Structure formats: C-alpha cells, structure tokens
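Visitor: Each chain, letter by letter, is given below.
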Amino acid sequence: MQTRLDALESRSIYILREAFNQIDRLCMLWSLGKDSNVMVWLARKAFFGHVPFPLVHVDTGKKFPEMYAFRDRYAEEWGVELVTGDCPPVEEMDADLPPAARSAARKTAGLNALIAAHGFTGIIAGIRRDEEGTRAKERVFSPRGAGNVWDVRNQPPEFWDQFRARVPEGAHVRVHPILHWSEIDIWRYIQRENIPIVDLYFARDGKRYRSLGDQDITSPIDSTASTLDEIIAELEVTTVSERSGRAMDHEREDAFERLRAAGYM
Amino acid sequence: MDMTRMKAGAKARGQLRAAVVGHVDHGKSTVVGRLLHETGSLPQGKVEAVAEMCRRRGMPFEWAFVTDALQAERDQGITIDSSHIPFRSALRDYVLIDAPGHREFIKNMISGSSDCDAALVVIDAGEGVRDQSRRHGFLLHLLGIRQIAVAVTKMDMIGYDADRFATVEREFREALGELGVTPGAVIPVSGRDGDNIAAPSGKMSWYDGPTVVGALDGFEVAAPATALPLRMPVQDVYRFDERRIVAGRIESGSLRVGDTVLFSPSNHAAVVKTIENWPRSAPVEGAEAGDSVGFTLEEQIFVERGEIVSHAGNAPVETNVFRARVFWMGAEPLRVGKRYTLRHNTAEAIAEVESIERVIDAARMDRTGTEEVACDCVADVVMRAQIVLALDPAAENPRTGRIVLADGFDIVGGGLIDMAGYPDQRQVMTRRSTNITEVEHRVSREERTRRIGHTGGVLWFTGLSGAGKSTLAIELERQLFARGYNAYVLDGDNLRHGLNANLGFSPEDRAENIRRVGEVAALLSEIGTLVISAFISPYRDDRLRARKAVGTGFHEVFINAGLEECERRDTKGLYARARAGEIANFTGISAPYEPPENCELVVDTANQPVEESVNALIRYVERHFPLVKPRR
Ligand SMILES: Nc1nc2c(ncn2[C@@H]2O[C@H](COP(=O)(O)OP(=O)(O)OP(=O)(O)O)[C@@H](O)[C@H]2O)c(=O)[nH]1
Ligand SMILES: [Mg+2]
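Chains as they are written, first to last, in the numbering used here: chain A, 1 to 265; chain B, 1001 to 1632.
With the rest of the complex left out, here is chain A:
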C-alpha cells in the first residue's frame, strides 16, 4: 500500500517525467531552500540518479552565506549542471511596488534575463498551493505569455494529468511538481529520505528560519526546534503561516499577486 508520502512522490515524479518528455529547453529553479532541495531529490529519483536539465540559481546577491556554501558543495557532490544569473539593482524595479516587494522583483528581472539568454521554454519551480492564496490557484503546468506574464484570470483547463506543455513562440511554461505538497509533507519527506538542507532552518538561540529568502527581507521565527522531529512537531500545532517571516507578503493586499502576475514564482 502506498503511504501518503509515496503518493505525493509518485505524482511529482510523473510530472517531472512529463515535463522532460514534452519540453525542449527545460531547467529547474534551485533557490537552495528546503522545497527546491526536495525537488532536486525528486528529479534524481525520476531519472534514476541523473538530473537531465540544468539547475538555475537566480542570484540576488543577498542570500545568506550558508546558502552559497550549500550551493557550491552540493552542485559538485550531485554532479549537476549549475547555471547562475545575476539580478539588476533595485532602482530599476517598478517604483510603485512597496519596498520589500520591489526588492523581490529583482529576482523576476534576473529570471527573465536568464530565460531570454538561454531560450528556456520550460521552468520547473518548487512552489506549493498551501503557501499563499494565489499559489492555491496555480496549475501544474502554468503558461506564461509574452513578457512572461501570468494570466491568472484565464488559465487553461487541466485534468486527469493531461498537461498543456506546448506553448506558442515567445512564451514558456512553469512546471510545478510539488504544488500538491504541504509544508509538513516536505519536512516528513526530508526526514524519510535524509535530504540535506541548510542549517538556518534549525533553531539557534530561540530562533529559526521557516522560509528562506533574501537576508534583508526575511526574518526568523521564535522557535526551539533544532531537529527534524522537533520541526515536524512544531508544524503539527502551529497557527502561524509559513511565510509570516517574508516581508513582501504583508506590505499591501495586492503586492504578491502583482509580483506573481509579472513573473515571480
């Protein structure tokens, strides 16, 4: 009998294999956080130890030093093809956005530049539906039109695991293989599979990071959970949202939707 984690894993593998079969120029975003590490792990499962597309790290230049160290170590150890891209300065971003969202928009701009430079037509991203209201409405294969925008009011039908993988010239498709996972599923899977993650997730001096973004717009939560068991136990009872430490989610009601419509993950 399949356990819940087996079922989640199997569906993710199915999605990854569909993406690899159907999309010519495919890459996977590796933000170095827990979700994208699970995603890389799932890819290695799907392709029997191989990652048959490049891992892309869109570097805002403001990640924690631990994250850069983690990236360099595992890119080498896992033998993956790593592509990095820089982000333009914040001054070039939409001045109408509130400060943290404006800062986060750099990542969209960096990603758009990478898409243009490499001609990617498919981008695998590790977002989940339980994270946030607009992500709760995402498709597994989510088309991005010209200018990489998300037309959330007119998403294509998607059912019975038949995906719309092909897109017109100049557009691309976002593939979301762990969309159906929840935060606690991720942690249970990390534990079951023994997947490496950055130490910042574990509590030190009464604080830990629950979600990792840029240093200046991410804050740690109060927590004493310093092992996987303790993190899982904490999540079983918490009523604090996962992204509570992400400043850009709380600035203005529409800030996150605007970011995502413009191409943010």
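These aren't lab readings, by the way, just hints derived from the structure by calculation.
Remember, predicted model here, so these are calculated numbers, not experimental data.
A few chain A residues that don't get close to chain B, going by computed Cβ distances all over 12 Å:
no.	residue
1	ASP35
2	PRO65
3	TYR68
4	LEU82
5	GLY85
6	ALA95
7	ALA113
8	ASP199
9	ALA203
10	GLY206
11	THR224
Pair ranges (Cβ atoms, derived):
no.	chain 1	residue 1	chain 2	residue 2	range
12	B	GLY1209	A	GLU230	40 to 46 Å
13	A	ILE195	B	PRO1060	43 to 49 Å
14	A	ASP199	B	ARG1243	32 to 38 Å
15	B	ASN1314	A	GLU230	45 to 51 Å
16	A	ILE195	B	ALA1269	36 to 42 Å
17	B	ARG1103	A	GLU169	31 to 37 Å
18	B	ALA1269	A	HIS50	27 to 33 Å
19	A	GLU66	B	PRO1043	26 to 32 Å
20	A	GLU169	B	GLY1209	54 to 60 Å
21	A	ASN21	B	PRO1595	35 to 41 Å
All residues carry an ideal CB built from backbone N, CA and C; glycine is no exception.
Given chain A, put chain B with the ligands in place with the hints provided.
Guide: Coordinates of chain B with the ligands only, in the frame set by chain A:
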C-alpha cells in the same frame, strides 16, 4: 519498501480531496472560509486581515475572501479559479477545492474537481436548484466522483425554515437522481454564521443529521486500483547510462520482476528483468497501482511512449474507433468531421469526430440537435483515430478508459470510453504464425484471364439488413452467368453454416467473420472468379481490411435504402425483434453501421425497382470487367 520508510510515512495522516461546487453566488466560498475558521485551520491574523480588506472596500465581513485571493475576485465578489486549501478535522487531513460557480469558469471547476475523492454541492436555500447545481452534479458524476454531500446554505435568510429546506432537498434529489447522483447527506447550514458547519446548530433542532465536517469525515479516500488488471502507459524510455529503462506510472494492477509483459498496440512481449530505483538500496521485486516506476527488459525490443504495458492474458482493447461520452469546454463547438488531437494517457493521435449520437445540456437535462456540441454540453460521439490505440472501456478501467481532446495548444474536452457495439481489433490484426513461406504459382494471372474470359474481382456489397444485398446479388449472379461471366455469390447466411459456423454476432465475431469472407473472396478472385459478396459488413475498418486482402479488383458497392425504409420492409421480421430488445447488437438499432466514405458505386434501392438496380450493376461490371474471347 524498507521498514524505515514505512514507519516515517505512517505518521502522516490520510488525506481526502473534496471539491466544493454549485451555482454562482450560492455561498461556496463562504462555507469554505467559515469551515476553515471553525476547524482552527486559519493562520493567526487571517480573520483580522480579511476584516481589513472588507473595511477598505466599505463592505460587511466576507468569509469568501479567505479563498478568493485574487484582486479581481474580491473586487467583483465572484470566484474565478479553484483554490486548493488544506484543512484538518479531528479525523484526518483534507484538501478542499473551492470551485467557481459562474458558467464562464466551468473549465476551472473541472480542473479543480477532476481528481477529488468527494464533493460538497452548495445550494442557496432561497434560490434552490439552479443551472450550475445540475451541471456540476452531472459533471461530478462523469468525473467519477460518487461520494457527494449537499449543503443547503443561507438558512439564516429563510428563517431556518424546515419546510423550505425539505423542498430544496427534494428538488435536488429529483434533478440529479435520474443521473445516478445520490447524495450521502443533505445538510441545512448557514455559511455566514457557521451553523451546522463544524458543530450542530441550536437554531435548527429539527435537523438531526451530520454537520458538513461530519459528512466529509464519513467519506473514504479512493485507493489506487491495485485489483484491476495491470496497465502502465509508457511515459518515456531512458538511456542515461548503460541501462535502458522503460518509465511510467502503474495506473492499475501490479507488476513483478520476471513477469512477461505485453506492449500494446505494438504487440511486442518481453520479460521484466529489474525494477530500477534510486538511491539504489535493496532490489525492488514488485510495484503496484499508483507507483511511478522504471524497469528493464530481458530482451531489447522496440518500445516507445504511448504504449500500454499489460500482462498477456489481460490486455487492453485495440481499436481506432470507439464511442465516448464527452464533456466539451471549447470556445468553438465540437463538430462532426473536425480533427482533434486525442490524448489517451501518454498516447497521442489525430482523431476525427465521426458522428454525434446525442447531446445533453446538463443544466436543463434536455437533448439538443446532433449537428454540433456547444461549450459546457455533454455528448455521446463516435471518434475515429488515425492510428490504432490500446484502451479500455471506462466502466472496466477508469484510468485507461478516458481521453482528452485538444485543439491546437488548448485542451477542449474530456471523455469516457464506451466500446459497446465496437469490436476489439486485436484478434483480426494479429498474425499468429510467422514461419510461413508462400509458394510461387507458375500459372500467370493473364493465362487465367484468357482461360476464363475476364479478370477476377470482388463486388463487395455493404448495407443494412433489408437493403437488398442478397436479392440483388442472386439476380446479378444469374444474369452475369448468362452473359458468360464466372460469377459467384458469397452470402452471409450460407457461410455461417460452414466456414464461419463457430462465430456469433458479437462485435469481435463479426469482425472475424468479415475477415474470413475477405480472405475467401481474395482467393476466389485470384482464381478468376467474379465474386459478389453480400454482407452487412458494418465497420469501415473491416471493409478496408478486405480491400487490402483483395488488392486491385475490389469494388465496394453501397446498397443503400436508408434505415427507415429497411425497417419498413423488415422482410425477415428482424427489426421488430431488435426493437423489442430480443436481438442484441442488431446493426442500425443497437449496433452501429458505418456507411462507406469512398465506395466505387452506390445503388439506391429505396427509389428504383430491382431490375433497374441490377441493370446498373451489369453496366458497371461490363465496364470494369470486359469479356475477352475465351481460349481453351
Ligand atoms: N446571509 C447569508 N449570506 C451568505 C451566506 N453564504 C454566503 N452569503 C453571501 O452570498 C454571497 C455569495 O457568497 P460566496 O461565498 O462568494 O458565493 P460562491 O458560491 O462562492 O460564489 P462563486 O464562487 O462566485 O460562484 C456573498 O455576498 C455572501 O456574503 C449565508 O449563509 N448567509
Ligand atoms: Mg466562490
């Protein structure tokens, strides 16, 4: 699976997926928002944030804003796309799918509900059952969702009136009962105030059924179809290293190392050598429905994406023609003769809609014309693919019994396969003996023609029972013989006494019957006989196969009188018996007749006497099989 995995996985609770559906504005999102609140599933600060959003818009508190996350949704007070939101009851974990109710967003309702275990239909107590209540109910049924509860909401607006509630309940049961939709519980609730959502309401003491959460807790999580025959659509074949791995997800049944598996429709078989895994731990001996796997084979046979892996004794049907009950979402209507991309699991084919048998507008539950199928309608259509597909009737295997239709980039419909009346072509396509060498004749075709006086050939009559095939064939044989032709009639009933005595009238047996007739006709025509075959031969593919067997000299003749006229004649009384249900699979009544598309000759027996038809046939024969002076 090793024990550490079992233990870690077992800690996670079961998860049920439930869709919340119903007519626009009936209060779905409100029920969902309130339910999340009542069960303590909302994160800290969410209620305050929603209060602030409503204050800014100058409106009263709106629970719907919990899931209506888009600005457009909040500004217009309508759900546009389905939200998937987790929540937990005391019993287990859930994902609720808050679907939109507006007709324009049906495709989003389908996208959200398609793989749910259960559904909650929300109905406004004041408005009662409306178009989308019915349509959503019908769609849930097509999507295979059988566990349904109904929440009659906004009870606060009708003064918690038990009589009104009873009326709405009856309306729903009547409207959807005939479709086979039977709700488990019908619950009076107020989404806004939380009555009967998670806790029983003091305002409706006349109701003693479950709350919404209680009804959901009563449903079961659908288990993978491990008990059905093995089906694994091939997703890809990998060669990243020295291994050649066939990858895919097992949709039903199970697979073990050492099993002989059959790939359809290529019909190659091989033995499973290993089931691969990563990280490489203990060897995997078996896998079952739901697992995404990869395996290697003992022999290197050619395998590609789209084939279906099964065990040899329990293989899928092979066909290029089948009926499907389709729900249509295209902006353009579905039309006869139009080509679509048909997707069946991982297989893809160009397919044409050959005919539309009936169209149902689920909102009103009435039939419309059969020229085309408009958006949001459901129809029974006959599809003809350009290649043979391996598939199952939906009633036998829901996972491999469904198709999706695409037009260009867009997915425009989904459907359930129904093979009633259509043959499995596997039998007639498979050549069992392979070590055969044909002998070469030393009498040439020309020599035979000179001896007999004309070339051999086949006039292949096709048409409904009672169209006049046998009458014309017998008369034509007589008159051609008199003119010097070596003509011979192959007739259905005659052959069924001998060569085909072991065949019945099932679609498969009919196909085999026609295959044999085609082969016999081919032999006779090679000898130099002018064969006149008189069989209904209802399937286009069977006739095509006969045409291929005979080669040049095959002339398809459509003996056409129309169903009404044939039924009126009913010389053998068969139509009456078929109508009375005494004869199953009767062509034209309970089994399809596929009229020829490009036949050589049409003989219209409805509008001319027999002599005239025979004369037309004689003229045709004289033109195509001119007599040469026989030499002994
Ligand atoms: N009085 C009262 N009003 C309600 C109740 N439930 C919903 N409403 C109101 O009905 C309106 C529609 O509610 P929604 O929950 O948005 O309806 P919906 O079914 O989700 O609508 P769509 O998703 O757009 O189809 C809102 O103005 C709600 O405040 C209820 O139980 N009592
Ligand atoms: Mg709604």
